[in-house]
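Asks: One letter stands for each residue in the lines below.
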Amino acid sequence: MPPTPCSLCHTARALVKRPKTGQQVCKDCFFEVFETEVHNTIVEGQGIFSRGERVAIGASGGKDSTVLAHVLSVLNKRYDYGLDLYLLSIDEGITGYRDDSLETVKQNQVEYGLPLKILSYSELYGWTMDKIVEQVGRRNNCTFCGVFRRQALDRGAAQLGVDHIVTGHNADDIAETVLMNIMRGDIARLGRCTAVTTQSEDTIKRSKPFKYAYEKEIVMYAYFKKLTYFSTECIYSPDAYRGHARVFLKDLEAIRPSAIIDIIHSGESFVLEQSVQKGMKAMQTCLRCGYISSNDLCKACALLEGLEAGLDRSALRQTQDSGTAAPEGYRTIPKYERYGSYSQPAAPTEGIEKAVQAIEIR
Amino acid sequence: MSCGNNPDGQGTAEEEQVAMPRRKQVRRVDRNTCQRCKMSRSMYVIRSVTYCRPCFETALYGRFIKLLHPPLKSTHPSSSSRNAVSHAVRPPSQSGDVLIALSSGAGSTVMLDQLLSRSYVGRGDGASTDKTRGEKEPVWGKGWVVYVEFAGALEGVEDRLDEIKGWVEGLNKGLGWVGIRAEDVFDGDLKDRLRRLAGVVTEDGKQEDIRRGIAVDLKDPELPLFPLPSSSASSAKPLDHLRSLLASLPPPSRPALLSNILSSLLTFVSQTIPNISHLLLGETSTRQAQRLISGTASGRGWSLPLDLASARKDDGGLVRLKPMKDISVKEAAVYCRLKGLDGFTRNDRRWDAAGPAGKRDARGKGGVTSLEMLTEQFIAGLSVSHPSTVSTINRTGDKLVFPGQANDSPTCPVCQLPVDPSALEWKSRSALTSLLTKTNPPSLSDPKDSSTPLAPLLCYACLTTFTPSTVASRTNKNEPVPLPFWIAENVARRHGRPVERSQMKNTINAFLIQDE
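Protein sequence lines correspond, in order, to chains A and B. According to this note's numbering, the first sequence is numbered sequentially starting from 1. According to this note's numbering, the second sequence is numbered sequentially starting from 1.
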């Protein structure tokens, strides 16, 4: 049987069947089509980036962020976006999970020549996830991790002096979130989960350039590009409600591969009732740490207070309308200042020098 | 993502538990007593609440009229303001008749029983009601029941057309009966048949010709359309056309087509039977939740709010109502059981069984081949551990609004719902199927073959239905497959067509002094 020619260039031998379109394509065409789709996502509408922007890639050492770092470096050169790229990692303090994956990030730092900043829960909150799990148990520990990570990323970005964080969330993640938000009636998140870029007042802009990239194609890209990444499930990840949505999505994909992108298309079309939008809480800043919050205290400060009080899972029910001052002897999160530790250099510098200026202690 | 956090970094397991709580311990109450009247012995447990039989019936009827009454009052000019507010007050008589869609599922059967047992539908004889004897004035003077049989298109499904006709006639409530088959969407005589059924006299030469069939080439992504040879339209049986179209589509697309066939036939019947003002659909909350999830998975997000609405008025003035939208299929099944209707009802739709099954067809969990069936099973499974699943999904759906202009947007020729803007462009940008630098320029097609493409007219979801990636390898024949008549009509409407002399004459008839 003669080899099947690539359905894009019609000359080379097809090596893969694209999970997204079902087309049989050669390796080079796969790289090109994958990178072009990510580029299309970046330049769509007003475009994600502006020239000269300082952009931190949220790097976990997993497949998504590893491929994102590679692809963004390639596209930045190819299309001359004029971006200053940085790697930003959060060390949650999970022995045997995060410490190993951070080694992969360090390897990426060397390979792509991108400056790396690692911020740990331990230095920011005084707690590691190992300690948190020890106190609160395995159930619901993701609440602490999720809230702390989001704030840690913003704080790390502020320390780097970057304007923008890009994360490796892929099409599967977004479709899964759309389904989950419908199933649990989370209207607020349903309205914004498909946006390629999100930004609320005083938070750093976040974008998802892999919004339309299938998870399987990301793995395929890493495989053929021989990229190394760290892959394992978090040792504390519970069987949460999200798991139901994930399994369901994989079943939908098995029946119709385009289901993932079709769900995203639906999610982009959803418009909420005016009354629902008006009912959403206005944002303010946390009275204790200055981070963006819809209550007097941000969720991270409330959770931390619960942990400091020695509470178990009941720390999750810690009220967010407490007073400004933390109880005596409790650790608190440092004040959040958008450009607190970074002062704008007099003359623009490029690359590693600029990053060093941004993070050096003055 | 390897952990349980969602893309915006705020979705957390605790919040998940809060938004979708697991089954809670039932309060320590006497479960042998009805929790509503607190007197009678309980017979049913619905969402952890116990009911006696009368309380269950009252609760179900209350939710039924909550959705049925308001749209009937707001459209009626004589509605008083107080009546317009309270859904408990019976609406005034409507000027038109009602068409009740009966599938023989529990939802539509309960709906029909509620309408008849509470005298919402008259016998069409204009008989006066004696209110002193407690008789209620019917809301609709006459009712028609329409049943669409899909047995011809589905493998191993029993044909129940005659059985259901007998059951409806046995009710002896003066209902008109319309029994049609799914393949009738290819039957040019359907309109005449329906008119004869309704007793409408058609003058010779004034019959509208709906035989102008079209066919589509499903192997070409542009979906070019071709006029169907007249011989093909007349000699081949409608069922052959339907089977050939279903066989040309991959299994996941077939239920979507069947759903469109059902919807178009119901619309067609309501437009053809004279004086129909309302179309009543017995869709339960369970089915609505499935529709929301499977519609989302099919890319139908743009028009879903219109599709899910409990009351929707179309361009022709027909109002579609879904009064069963707040009642679950389980509650409907319980009601059927207590009314002795359970021997008649069939809840199994089995649209999965349409068309031939291929060995290489993609399959999900348990060998399921359609998004709709997978969604149905998923929601049923999730409802066991999270009983509020259906109501939470429906609450989400209720908060969605249609983002476009419902009456001004062009409609999709297949699903007849508004088309989302630039569906084709969005699809081609987010999932590239060609590279400008490498793909050969398209060869100029033979001018003889050049025809109107269907793809640019379709909404995103129907585009997905008709352009699956594996179609080329699936179709056995190289010929275009015929499309149902309503698609041909809608395509012609979107593209414009030569106006016939009879239509011109109708427009200016009032100004003509004498015939030519």
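These are calculated hints, taken from the structure and not from any lab test. Note that the coordinates shown come from a computational prediction; the quantities given were computed from them, not determined experimentally. Just to be clear, a hint being listed does not mean it is correct.
[What the hints assert, rightly or not] Below are the BS3-like pairs computed for lysine-lysine, each with C-alpha atoms no more than 30 Å apart in a straight line:
(1) 250/A with 399/B
(2) 399/B with 216/A
(3) 205/A with 219/B
(4) 27/A with 219/B
(5) 250/A with 219/B
Asks: A separate judgement is required for each hint: does it hold in the structure or not?
Replies: Each hint tested on the structure:
For the hint pairing residue 250/A with residue 399/B, the CA-to-CA distance comes to about 27 Å; that is within 30 Å, so the pair holds. Between residue 399/B and residue 216/A the alpha-carbon distance is near 33 Å, which puts this suggested pair outside the 30 Å criterion. A distance of roughly 44 Å separates the Cα atoms of residue 205/A and residue 219/B; the hinted pair therefore is violated under the 30 Å criterion. Straight-line distance between C-alpha atoms of residue 27/A and residue 219/B comes to about 26 Å, which keeps the hinted pair within the 30 Å bound.
Annotation: proposed proximity of residue 250/A to residue 219/B holds, straight-line Cα distance about 27 Å (limit 30 Å).
Taken one by one, the earlier hints fail for this structure at numbers 2 and 3, listed in ascending order.
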